Amino acid sequence: MAFIEQLGVLSVTLGMVAMWAIALTLLYLAIAKQHEPLLLLPIGFGILLANLPLTGLMTPEEGLLWRFYRYGVEWEVIPPLVFLGLGAHTDFGPLLSQPRLIFLGAAAQGGVYLTFFAAQAFGFSLEEAATIGIIGGADGPTTIFLAAQLAPHLLGACAVAAYSYMALVPIIQPPIMRLLTTEQERAIRMKKARKVTAREKLLFPIAATLVIILLVPASAPLIGMFMLGNLFRESKVVERLAETAQDALMNIVTIFLGVSVGATMSAENFLRTDVILIFVLGLVAFTVSTASGLILAKLMNLVSSDKINPLVGAAGVSAVPMAARVVHKMGAEADKKNYLLMFAMGPNLAGVIGTVIAAGIFLSMLG
Amino acid sequence: MSPAANVFLSGLAGVFAGIGLLYLMMKLLARLGATAPDRSASTD
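Here the protein sequences come in this chain order: A and B.
Per this note's numbering, the first sequence runs over residues 128 to 494.
Per this note's numbering, the second sequence runs over residues 18 to 61.
Just chain B, with the same shape it has in the complex (with noise of 0.2 Å):
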């Protein structure tokens, strides 16, 4: 494989690998926060 192909297909799959991994991220991060108290919802 070319140097340039090589940067081209590591870099879009890095890039989608980054992004789904913050995606699993984000759907743990909502379960977190949903079983968790909002501070933005407190009245006091």
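Okay, chain A solo, but in the shape it has when bound (with noise of 0.2 Å):
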């Protein structure tokens, strides 16, 4: 009689079911739509595990995913490690070469402040209206980083929701550029960028990590892994540990990311009716992002006799590089020879930055 009680078909709950649905939607995007594979499989698989009965996985103390989750992302270790990675992968030629284009980085972090009014304004505390906002930067590590400090409940759907609308960038961006740029502005060719020296490449995640974390110490974490995996990149001197961080390191951390993500959503932590409401403010602090990159690359026009495309305010909000990607195309299509991508690069870089300032203000104001 024992073994029946420990059937866990026996368990089974309703909610269960429709996690594991859930469960099966991500897995179904990843695999066969290939939205952001490298997140959604892990994250997918972990909501199924995570939602089996009587398996102890995240049972506090003993359960594998619960370790995980405990020492993985709750101890602050795998969002900076992930970043160490990111750090390998950027050059931030792009960025460099034209500094002016980082204030539409600073720009779209509108998205996130707006955001976290209005969530306050719907009733979430002021802790979990920062971890929502952040969902604007469209920066999944930050989001788990600062929601894992800040509201550990609402991580499960904040991360969901940012990378499913990282995913979605193409869908949900060109209508709001269409919206707020006449076909003329879309065709405006900016002027070459100038050549960036190896010096400058070398000492900017230097500079870059004195001047950020002596104004926001709390952003150290992130910004201090970012620039580390950056200078490996950028010395040229220890080509070994650059690789590393940007492919070995960088692709074990996801696969523990992911799956310690998929875990915390439990069926009484994510069938919950202020789960909708995150998704449907998510989105807005996607849409007022990329719009506030926008209006600041308009604006920036109306004083400069260099045009910028608005376009590539855009591309303020992160989501490397998917959001330059989208502006090239879109500037593409109003001037076929008019090629947009490094200089969107340069508003993608600075919107990780100005990401993880803005939650590194939130922790020190909020944490």
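Derived from the structure by calculation, the hints contain no laboratory data.
For clarity, every value in this text was computed on a predicted model and none was experimentally measured.
Derived CB-CB ranges, DEER-like: (1) B:21 - A:367: 45 to 55 Å; (2) B:20 - A:201: 24 to 34 Å; (3) B:21 - A:320: 36 to 46 Å; (4) A:201 - B:44: 31 to 41 Å; (5) B:21 - A:362: 40 to 50 Å; (6) A:429 - B:20: 27 to 37 Å.
Glycine included, C-beta positions come from ideal geometry on N, C-alpha and C.
Given two chains presented individually in distinct reference frames, assemble the corresponding complex, making use of the accompanying hints.
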């Protein structure tokens, strides 16, 4: 009889079945549609595992997935390691060649703060509102990093919202871009960027670390690792470390990050009305962030003779490099010979830095 | 001022201050870079 009592099938609940459907949807999107497969696949499988009965996988102090989450995410280990890999992948040349474009990355944080305000008005606590607002930064590891510290119960929903909207950049952004720009503006050709020297690229991660961390110390785990990874790359003396950070290490931490995030999405945590609101507010954040970057680019054109194609402002939402690719495609639709990709990479990288700064400020004020 | 308004305004101001400082730093790096020999241009 004891064996029968231990049969998992007897403990399945309706909520678990609903979560299986969500897990299978994410697995379908990852495998069949290839939407952010590196993350949605482990997240989807993590959801499936966490919603099987009597497994004990998320039992505190005992469960395997609980340990992944506790020591990887809650202890702030995995998101900074993802940033180490991102730094080793990143070429800051496009940003350094056009420094003024960095302000577009700051403007795109408008969606983060506006949504923070809106979420708070909808009854979320300040900590929850900050976690929801950061979805607008379109940066998965930063969203997870902030959620783990301010609102762990919202981590799964916010992470899935952030990654889903990042995957949907080519669908969400173009209508906003068309609405806020004229055909003539979309066809603006920007002046060729200057060549950036190797010394500038080498000094950038060191100087940026000093500037950002001295201003926002709470951003140190993410910015510190991001710039260390970039220094691996630009120093050209530790190629083995740079390769490991951008390939092997990045792949390993991505597995644990995805599974851990999925594991937080139990039926009781996820099947709540406020999760729908989180997805709606996340979309608002993303939309406003896209629009704010575009609008600032238009404003900068009012005072500068060296015109910026306002489309590049939309890349300030991070989502590297998808948002930059969308900008390039939209620009090419208006003028086939307009090559905007490298110009859009500048605000795209600035968006990553801007979102980390925004998260650091939330942490220092609310953490 | 309400706590939410405080976070909202301080946050936006902080992001623009941080990005503004980075902008100045990049302008400075551009000057340093322009006067320094470019290792990437080396043909050895």
